[in-house]
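Peer 1: Listed below are the residues making up each chain.
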Amino acid sequence: MVLKTLDVLGPLHGYGLARRIEQISGGLLAVNQGTLYPVLLKLEQEGAIASEWGASENNRKARFYRLTREGRKQLQAETKDWEQTAAIIGRFFEAKAEDLS
Amino acid sequence: MRSLRRFLSRLGYFVTRRQDNERFREEIEEHIALQTEENLRAGLSPAEARRQAMLKFGGVEAMKQDYRDERGLPLIENLMQDVRFALRLLRKSPGFTAVAVLTLAVAIGANAVVFSVMNGLILRALNVPQAQSLYIIERASDKDSSQSYPNYLDLRDRNRSFDGLAAYNIDQVALDAGKNPSRAWVFEVSGNYFDALGIQPYLGRVIHASDEQGANSAPYIVLTYAYWHSHFQGDLSVVGRVLQLNRHPFTVIGVTPPSFRGTVLIFSADFFVPITNQDQSLLNARGNHWVSEVIGHPKAGVTPAQAVADLNSIGSDLEKSYPKEDGQMSFALEHAGLPGGGFNVAIQAFLGGLMLLAGLILLAACANLGSLFAARAADRSREVALRLALGAGPTRILRQLFTEAVLISMMGGVAGLWGSVVLLHWLSAWQPFPQYPLNMPVNPDANVYGVALLLSLASGFLFGAAPVKQVLRADPYQIIKSGSTAAVGRRFTVRDLLLTVQIAICAVLVTSSMVAVRGLLRSLHSNFGFEPQNAMLVDADLNMAGYSGDGVPAMQRRMIDAVQALPDVTSVALVNTPPLQAACCNESNVFTDETTDLRPSNVTAKAMRFSVSPEYLHTARTSLLSGRDLTWRDDKSAPRVAVVNRLFANKIFGSTANALDRYYKMDDETRVQVVGIVEDGKYSPNITEAPPPAMFLPILQSPSTEAWLVLRSSGNPQQLGAAVRTKLRDLDSGLPLFIQTWNEAMDGALFASRMAAVSLGILGVMGAMLSVTGIFGMAAYSVSKRLRELGIRMALGAQRKEVLEAALGRAFKLLAFGSTAGLLLGIMASRVLAFIVYQATPRDPLVLAGVVLAMALLGLVATWVPAQRALTVDPAVLLREE
Numbered sequence: 001m002v003l004k005t006l007d008v009l010g011p012l013h014g015y016g017l018a019r020r021i022e023q024i025s026g027g028l029l030a031v032n033q034g035t036l037y038p039v040l041l042k043l044e045q046e047g048a049i050a051s052e053w054g055a056s057e058n059n060r061k062a063r064f065y066r067l068t069r070e071g072r073k074q075l076q077a078e079t080k081d082w083e084q085t086a087a088i089i090g091r092f093f094e095a096k097a098e099d100l101s
Numbered sequence: 001m002r003s004l005r006r007f008l009s010r011l012g013y014f015v016t017r018r019q020d021n022e023r024f025r026e027e028i029e030e031h032i033a034l035q036t037e038e039n040l041r042a043g044l045s046p047a048e049a050r051r052q053a054m055l056k057f058g059g060v061e062a063m064k065q066d067y068r069d070e071r072g073l074p075l076i077e078n079l080m081q082d083v084r085f086a087l088r089l090l091r092k093s094p095g096f097t098a099v100a101v102l103t104l105a106v107a108i109g110a111n112a113v114v115f116s117v118m119n120g121l122i123l124r125a126l127n128v129p130q131a132q133s134l135y136i137i138e139r140a141s142d143k144d145s146s147q148s149y150p151n152y153l154d155l156r157d158r159n160r161s162f163d164g165l166a167a168y169n170i171d172q173v174a175l176d177a178g179k180n181p182s183r184a185w186v187f188e189v190s191g192n193y194f195d196a197l198g199i200q201p202y203l204g205r206v207i208h209a210s211d212e213q214g215a216n217s218a219p220y221i222v223l224t225y226a227y228w229h230s231h232f233q234g235d236l237s238v239v240g241r242v243l244q245l246n247r248h249p250f251t252v253i254g255v256t257p258p259s260f261r262g263t264v265l266i267f268s269a270d271f272f273v274p275i276t277n278q279d280q281s282l283l284n285a286r287g288n289h290w291v292s293e294v295i296g297h298p299k300a301g302v303t304p305a306q307a308v309a310d311l312n313s314i315g316s317d318l319e320k321s322y323p324k325e326d327g328q329m330s331f332a333l334e335h336a337g338l339p340g341g342g343f344n345v346a347i348q349a350f351l352g353g354l355m356l357l358a359g360l361i362l363l364a365a366c367a368n369l370g371s372l373f374a375a376r377a378a379d380r381s382r383e384v385a386l387r388l389a390l391g392a393g394p395t396r397i398l399r400q401l402f403t404e405a406v407l408i409s410m411m412g413g414v415a416g417l418w419g420s421v422v423l424l425h426w427l428s429a430w431q432p433f434p435q436y437p438l439n440m441p442v443n444p445d446a447n448v449y450g451v452a453l454l455l456s457l458a459s460g461f462l463f464g465a466a467p468v469k470q471v472l473r474a475d476p477y478q479i480i481k482s483g484s485t486a487a488v489g490r491r492f493t494v495r496d497l498l499l500t501v502q503i504a505i506c507a508v509l510v511t512s513s514m515v516a517v518r519g520l521l522r523s524l525h526s527n528f529g530f531e532p533q534n535a536m537l538v539d540a541d542l543n544m545a546g547y548s549g550d551g552v553p554a555m556q557r558r559m560i561d562a563v564q565a566l567p568d569v570t571s572v573a574l575v576n577t578p579p580l581q582a583a584c585c586n587e588s589n590v591f592t593d594e595t596t597d598l599r600p601s602n603v604t605a606k607a608m609r610f611s612v613s614p615e616y617l618h619t620a621r622t623s624l625l626s627g628r629d630l631t632w633r634d635d636k637s638a639p640r641v642a643v644v645n646r647l648f649a650n651k652i653f654g655s656t657a658n659a660l661d662r663y664y665k666m667d668d669e670t671r672v673q674v675v676g677i678v679e680d681g682k683y684s685p686n687i688t689e690a691p692p693p694a695m696f697l698p699i700l701q702s703p704s705t706e707a708w709l710v711l712r713s714s715g716n717p718q719q720l721g722a723a724v725r726t727k728l729r730d731l732d733s734g735l736p737l738f739i740q741t742w743n744e745a746m747d748g749a750l751f752a753s754r755m756a757a758v759s760l761g762i763l764g765v766m767g768a769m770l771s772v773t774g775i776f777g778m779a780a781y782s783v784s785k786r787l788r789e790l791g792i793r794m795a796l797g798a799q800r801k802e803v804l805e806a807a808l809g810r811a812f813k814l815l816a817f818g819s820t821a822g823l824l825l826g827i828m829a830s831r832v833l834a835f836i837v838y839q840a841t842p843r844d845p846l847v848l849a850g851v852v853l854a855m856a857l858l859g860l861v862a863t864w865v866p867a868q869r870a871l872t873v874d875p876a877v878l879l880r881e882e
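Heads up: the protein sequence lines correspond to chains A and B, in order. Every letter in the first sequence is one number past the one before it in the numbering used here, and letter 88, counting from 1, is 88. Every letter in the second sequence is one number past the one before it in the numbering used here, and letter 87, counting from 1, is 87.
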């Protein structure tokens, strides 16, 4: 989710990310926002995202995260994986008794 | 790939310890500020806006913890934190630390030493190529490894399963390199010895099978590296030199590599000579088992069992061909290393027992420290409760406790290992018998270090586990509320059980060491059948001095007369080997006079056989029960006679009374008349063996070049020794002499008992030390826990006796119970001891009293300090404090 958000919206700071995820999920995923940061650190250690200090909209110092090439690749791979998984699960839900006979 | 990169990044963080906590803090602030702004825009009051923002973010501290966990290597960071904390705690209680570390150092050191000896003597193989597959051939019946030379030749040439069978015999010779003749130890080896073992020369060449061309064909010497260095200063021109060996010229042809010192682990030879130079009569005697050992590698693909079957088929053939000489010829294989012949089994049993005891000591130490740790954990229950209340998980607290335990065990292990290394280096260099080049190559190697490390770790976890249950059960709320004076249980706890077990172990050790020491003391004053006090032995082997044939008895007579003339000497005699000497004794088959078929299976008795001069029985103070002593008239032309001991008389003739003047037969078919009967005695160096039958033959009728002068004198042994040396050197300057008192000469025979007594004594002291600390810990703990109760009792008027009973009654009960159990166990264990220590018996009132007294004393010492503390409680002060 983090990767996709960054892919769509470009570099963002932590709060922005949290807000977007909340918005996109329609408020359904309003967990403790703090849990986002360990995830960001993990992704950064893996090299999927990079971060640097910058100025936020209202000129405060903020840390901006952006997707790296590595991260884009990872996103593609995971998108594909997810689509596959979703497709399989989808087929199970669509399956009717007569299809199998 | 990704996880690797992540790990590297964590590692990088861990190593550089970059302080970017700041970054996260700023991010959090920023986050909350933004959220607050948004909440303000939504119309909340500033305070409420911030509160909502914080709530939405979640627990900041917990988040920080998560963040930290993601960032570095938390496992190692926490470990180091725990170690630092543990070190700080230990530094705060130096007394406890010192006791714990010392206890463990002693226990682990003991284990390291015993294991290292076991490692050096049993586990580690000889220093030869493919030592694992090098076997000694033993007789299956009595595990004796000696063979006769003709039998060796048959085994060597007819077997189909060995890559060459080599033989060797250990002998002592006189080597004259131009100056004073000196004694040296030599391996007489078969020609194929070095090639069968795969030993390459360091210098020159070694002996090969092609050197053996019949009698005296190979007068060659191959020096060991050590002897070459000590006696020839590493002189490279030594090869080709001619030396006088027992007054025969021998040429040095080479030097063996430094790592090779013969094929007996505990024996370092000086040099090697071909076995073909031995006496022809010896080389041809099929019935004389004088060759020390036959060794060899089975061929590739041949299992030991197949090799044994092959040897046995040759053996049964030999039994049929030579029924007189070859009795039972079935074989077994034993790994080469220690000398065979039961020695192996004995030392394995002894070291196994010692290892067991050392293991028990370590267990006792662990039990001890376990109870100390549990006590300490109880004292720290407030701290633990506080940490639990502040949200530390039980795993975190247990990890801290274990870190502390393992830290102590490691410190103890290192200290113990250091001590044991010092001791082992000394032990390796130690030569217990001046006359024999015996030593124990027990220097520690990687195995020993590994085992010590493992033992320390294991014991750390073992005693660290003692307080686990206590901590897990702790209820922080209760502890903080009521303080540490929780109710004192009347129940018998695990801790009590541990202590009882430990006291019992200590009592076992004390009992067995007392039994051993007492047995040893008694053995020094027991009746050996001769009197070693005020007697001296002079080893004057005439074979070494080049005498043979008729020259031997004449020279022996002259030696006796010369020494007799010395002023301090009251009597002198000759014996081929004195009793209780390592070289003692020759055994002969004897038969009743009626036996006609003298094959080994018809033997009536095996008797120790001594060749002695007249006066020997008198000089050795072996009392003559009936009949007469031998005289110089019992010579070659006179009828064969013998003096026998009482057991001999009973075995051959049924009773002592009718043995006198009767005849028996030796295995060479001579009839011998019994002219005297003497008391029984100890002869073979294995002092715990039951006394065997023995016969004393006149030296003129059964001559021996091997001879020891026994002289009795009241004079100073040192001066007398010097006088004897000059006197005998006057007769022949080439005599290689070895002079010692008879008591010194018996050191070898008593060595095993002494070693057993010393090691058991040390273990006993260790056990005692451990139980003192154990009881002390327990008593101190129980007093400190019940201090308030004791104060109240005293305030209410309790007497000293009652206070003591309340405080220490339990400790004493445990002590009594443990001691009784240990004493009983110790008495059972002493039956095993009786095999090693001469006259070790636990049914000895002195030993029993000694054990009880020792345990009572230990209890007194251990409870003294806690008792004082309990008695000096000042109720007023105490009650105010709480």
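Honestly, I wouldn't trust all of these hints.
[Unchecked claim] Computed beta-carbon distance windows for the label pairs: (1) B:395 to A:87: 28 to 34 Å; (2) A:53 to B:55: 49 to 55 Å; (3) A:87 to B:84: 50 to 56 Å; (4) B:54 to A:95: 35 to 41 Å; (5) A:7 to B:80: 38 to 44 Å; (6) A:7 to B:7: 25 to 31 Å; (7) B:84 to A:7: 31 to 37 Å.
[Unchecked claim] Computed from the model, here is a short list of chain A residues facing chain B with C-beta under 10 Å: (8) 8; (9) 10; (10) 11; (11) 13; (12) 16; (13) 34; (14) 35; (15) 40; (16) 45; (17) 46; (18) 47; (19) 69; (20) 80; (21) 93.
No lab work stands behind these hints, which were simulated from the structure alone. All C-beta atoms in this analysis are idealised placements derived from N, C-alpha and C, irrespective of residue type, glycine included.
Peer 1: Hint by hint, note whether the structure agrees.
Peer 2: Taking the hints in turn, this is what the structure says about them:
Our hint of 28 to 34 Å for residue 395 of chain B and residue 87 of chain A is violated, since their Cβ atoms are close to 42 Å apart. Checking the proposed 49 to 55 Å range against residue 53 of chain A and residue 55 of chain B shows it is violated: the Cβ atoms sit about 27 Å from each other. At about 54 Å, the CB distance of residue 87 of chain A to residue 84 of chain B agrees with the hint of 50 to 56 Å. A beta carbon spacing of about 48 Å between residue 54 of chain B and residue 95 of chain A contradicts the range 35 to 41 Å that was offered as a hint.
Restraint check, residue 7 of chain A to residue 80 of chain B: a C-beta distance of roughly 40 Å satisfies the suggested window 38 to 44 Å. Look at residue 7 of chain A against residue 7 of chain B: about 26 Å separates their beta carbons, and that is inside 25 to 31 Å. For residue 84 of chain B and residue 7 of chain A, the Cβ-Cβ distance of about 45 Å falls outside the hinted range of 31 to 37 Å, so the restraint is violated. The beta carbon of residue 8 of chain A comes no nearer than 20 Å to any beta carbon in chain B, farther than 10 Å, and the hint placing it at the interface is violated.
Here the hint on residue 10 of chain A is broken, as its CB sits about 18 Å from the closest CB of chain B, past 10 Å. About 15 Å separates the beta-carbon of residue 11 of chain A from the nearest beta-carbon of chain B, more than 10 Å, and the hint is not met. The interface hint given for residue 13 of chain A holds, since its Cβ lies 7 Å from the closest Cβ of chain B, which is under the 10 Å cut-off. Interface restraint check for residue 16 of chain A: the shortest CB-CB distance to chain B comes to about 8 Å, inside 10 Å, so the restraint holds.
A distance limit of 10 Å between C-beta atoms decides the matter here; for residue 34 of chain A the minimum to chain B is near 4 Å, and the interface restraint holds. Hint status for residue 35 of chain A: holds, given a least beta-carbon distance of 7 Å to chain B, under 10 Å. Proximity of residue 40 of chain A to chain B holds as hinted, the smallest CB-CB distance being about 9 Å (cut-off 10 Å). Of the supplied interface hints, the one on residue 45 of chain A holds, with its beta-carbon coming within about 4 Å of a beta-carbon of chain B, less than 10 Å.
Look at residue 46 of chain A: its Cβ gets to within about 5 Å of chain B, closer than 10 Å, so that hint holds up. Satisfaction of the interface hint for residue 47 of chain A is found here, the shortest Cβ-Cβ separation to chain B being roughly 6 Å, below the 10 Å cut-off. Annotation: interface hint on residue 69 of chain A violated; nearest CB of chain B at approximately 14 Å, more than 10 Å. The beta carbon of residue 80 of chain A is not positioned within 10 Å of any beta carbon in chain B (closest approach about 17 Å), and the interface hint is therefore violated.
With 10 Å as the threshold, the beta carbon of residue 93 of chain A stays out of range of chain B, its nearest partner Cβ sitting at about 32 Å, so the hint is violated.
The structure does not agree with the numbered hints 1, 2, 4, 7, 8, 9, 10, 19, 20, 21 stated previously, though it agrees with the rest.
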